[in-house]
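The listed protein sequences correspond, in order, to chains U and F. Residues 0 to 412 in numbering that gives the first Met the number 0 are what the first sequence spells out, letter by letter. Residues 0 to 412 in numbering that gives the first Met the number 0 are what the second sequence spells out, letter by letter.
Keep in mind that the hints were calculated from the coordinates and are not lab data. None of the hints are false.
Note: identical chains are not told apart, hence a pair may lie in one copy or across any two.
With a straight-line cut-off of 25 Å between C-alpha atoms, the simulated PhoX-like cross-links for lysine-lysine are:
id: 1; residue 1: K326; residue 2: K142
id: 2; residue 1: K360; residue 2: K142
id: 3; residue 1: K221; residue 2: K283
id: 4; residue 1: K358; residue 2: K142
id: 5; residue 1: K221; residue 2: K191
id: 6; residue 1: K245; residue 2: K319
id: 7; residue 1: K358; residue 2: K319
id: 8; residue 1: K245; residue 2: K283
id: 9; residue 1: K191; residue 2: K127
id: 10; residue 1: K334; residue 2: K360
There are 2 protein chains.
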Amino acid sequence: MTTPPVHPTFHITGQSGTSRTGRITTAHGVLETPAFLFCATHATLKGLSIDSIKAAGTPILLSNTYHLMLQPGSDLIEQLGGIHTFMGWDGPVFTDSGGYQIFSLHHGSVSDEIKGKRRNMSSFPPVKVTEEGAIFVSHRDGKRHHLTPEKSIQVQTELGADLICVLDECTPLHMTRAQTERSMHLSHRWGKRSLDDFEQRKKPHQGLYGIVQGGIYPDFRKHSAEMIASMPFFGHAIGGSLGATKSQMGEVIDMALCDGALYVRPIHLLGIGGVEDIFQGVSKGIDTFDCVSPTRLGRHGGALIDNAYWDDAAEDWRPKNHINLWKSCFRTDPKPIDASCPCSTCALYSRAYLHHLLKAKEILALTALSVHNVCFMNRLMAAIRHGIATHSLGDVRNRWSCAALMASGPGMS
Amino acid sequence: MTTPPVHPTFHITGQSGTSRTGRITTAHGVLETPAFLFCATHATLKGLSIDSIKAAGTPILLSNTYHLMLQPGSDLIEQLGGIHTFMGWDGPVFTDSGGYQIFSLHHGSVSDEIKGKRRNMSSFPPVKVTEEGAIFVSHRDGKRHHLTPEKSIQVQTELGADLICVLDECTPLHMTRAQTERSMHLSHRWGKRSLDDFEQRKKPHQGLYGIVQGGIYPDFRKHSAEMIASMPFFGHAIGGSLGATKSQMGEVIDMALCDGALYVRPIHLLGIGGVEDIFQGVSKGIDTFDCVSPTRLGRHGGALIDNAYWDDAAEDWRPKNHINLWKSCFRTDPKPIDASCPCSTCALYSRAYLHHLLKAKEILALTALSVHNVCFMNRLMAAIRHGIATHSLGDVRNRWSCAALMASGPGMS
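With these hints in hand, go ahead and build the complete structure from the sequences.
In structure tokens, the structure reads:
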């Protein structure tokens with residue numbers, strides 16, 4: 000299947016304070032923003048068929064250059080017609096540059112940092128960074144690979160995603176100010192090389208995202224945002240360390256957005272997908288998010304819910320954004336996860352049945368919970384877009400995020 | 000959901016030689032026979048959602064008393080509205096008695112025997128059989144349980160399946176003639192007790208199957224068939240050891256069917272599901288089959304195909320009833336498993352993509368292959384019914400089973 004030569008475009012369709020709605024039009028369909036990008040890491044959204052992805056109202060998938068260059072290889076995917084044909088997915092696809100995986104497999108992930116987890120670096124395969132690129136050891140077979148900005152662009156053009164990313168060095172929180180600065184400048188030079196290579200190599204339907212670095216330092220984030228905005232990218236992403244806490248994440252976003260340079264293009268916040276984090280990002284003007292959390296949570300027995308659930312034993316509402324179906328309180332619970340959810344899981348299965356499937360180690364437990372969580376995220380983003388359009392994002396937050404309820408204490412009856 | 004009080008009925012709708020088509024009407028829908036019963040062991044057909052089970056044209060599910068009495072318990076399933084409501088499945092359900100699992104976990108399965116695998120009995124939890132019933136140790140938690148004919152009927156009436164089974168002792172091949180005879184008489188007494196208890200306890204929509212035992216001994220099989228046929232069961236099943244080879248299995252079926260006593264009711268062949276085995280059974284008058292093989296094969300990377308596939312390397316057809324998607328020859332193969340198959344897997348995914356998913360250890364590999372195999376079996380059974388109705392079962396066998404092609408040698412071009 001050849002893709003018609005349509006460049007991606009971005010239009011802002013509405014604004015409410017610093018929040019905004021927008022529309023990214025790609026050769027493979029329209030993405031209404033704010034939007035959540037689901038991680039189809041190995042060219043599959045874990046636990047869901049393409050049919051169930053569509054039935055859950057999913058607008059876009061994000062695949063990982065790192066994983067696909069190692070297995071099955073981008074040349075093979077190109078030979079088989081590109082990533083859309085390969086996955087059987089005709090909607091838009093975003094790919095990252097591979098940088099995040101290389102560095103997070105070494106340093107630990109951004110999410111680990113926000114959660115205060117720090118990895119022992121010596122137990123992970125080393126990454127050597129030079130001006131040329133990053134030399135890393137495959138987690139699959141121990142082979143050495145060299146990922147340069149040009150190689151990342153080559154892989155991403157072979158994969159054929161609609162929206163692709165520059166290679167950046169994804170720095171961890173525990174880097175010094177001097178290391179962060181040196182790394183930021185390197186990422187800017189890699190960004191420029193990525194852009195130059197992209198102009199030569201790109202497929203007509205592809206758009207490139209530049210990535211803002213600068214760690215937790217206001218002057219670096221501001222400088223990086225100006226640098227990235229000054230180059231002719233299609234979109235902007237905020238990457239690297241977002242701080243040690245959720246509130247520091249908000250400060251880092253503010254640093255990157257403070258002078259307004261990024262707002263002319265779609266802005267993606269890399270690797271973030273918690274419900275309250277999304278409200279925080281949207282309120283500052285972020286357009287898109289991605290995270291593995293909805294399906295990972297599902298595979299661990301967690302089902303996303305809006306703001307609270309009724310605790311039969313305590314006879315009270317509990318502020319929560321998910322319930323853990325492994326808990327024995329669900330053993331006899333005939334209710335669906337959420338009676339108001341239109342997903343096939345809530346239409347067909349009780350909490351008691353899902354609890355049973357988890358205990359019996361059945362695949363359906365994982366797939367049914369993942370379907371629900373994907374549907375939840377799509378409904379959440381639709382509610383957020385509606386909230387911005389109707390200037391009622393605060394009400395939408397109160398309805399969907401448990402954060403406001405938690406502020407008012409555990410008992411809410 | 001209360002089930003309307005409809006007794007199951009069976010009508011023979013067509014005959015061709017000793018093969019026949021029929022219709023089992025239950026409170027939860029009609030089952031056209033010959034039919035394949037898919038094993039929803041823990042009240043879920045492994046790897047498929049109820050939506051995908053329906054989309055694949057599945058008419059009936061079989062659940063296991065042994066597994067469900069241990070987890071989550073039949074009392075809980077009854078409390079939650081019965082097994083149909085519990086699984087979200089509104090079609091017919093068959094349950095076995097629990098006997099097969101108790102004895103096969105100890106002795107090894109019938110399929111192990113046919114494949115020549117003999118287990119080391121000392122490594123499996125012991126089963127003690129008395130006149131009263133079977134005392135066994137749970138494979139889940141090591142607890143002792145006592146399964147009597149009455150207890151099995153109690154569990155199965157609580158589960159609420161449409162078609163249920165008497166408790167029998169499922170003897171292995173390596174029993175002596177004297178042991179087999181003693182066991183057969185015990186199973187007959189258990190069958191009578193099961194029937195008596197069923198008459199007291201049954202839900203109006205339930206029908207009970209008696210089970211023919213007798214091992215590989217013609218006189219015992221004949222006697223057992225007469226005994227079972229003389230009792231007022233709804234259906235007949237052929238159980239116990241079916242011999243050491245596929246041809247011996249045919250002989251054992253002949254022994255059970257030789258005097259025609261079983262033909263007045265639907266006849267189920269327990270635990271058999273190979274394509275050629277089904278043709279053998281259908282040709283002798285068997286109405287229904289069950290086996291875990293379609294979904295188990297899928298979880299191991301196998302996709303069912305009709306009689307042969309084109310081997311690109313050898314440039315020839317190979318007689319096969321399945322292909323193994325793990326094989327490297329599929330790495331670059333853009334074709335679906337079977338271009339003529341209407342399942343969602345063949346509509347969306349190439350062999351190359353499925354090969355990739357297996358290598359990447361993705362859940363979708365298992366679920367997509369299971370969906371295809373379930374659809375294959377449903378199409379196979381529809382073709383068999385059509386073959387009987389049009390007196391062309393031999394042509395259907397040549398089209399679907401690789402056995403005829405294998406007889407003519409590996410090269411068929």
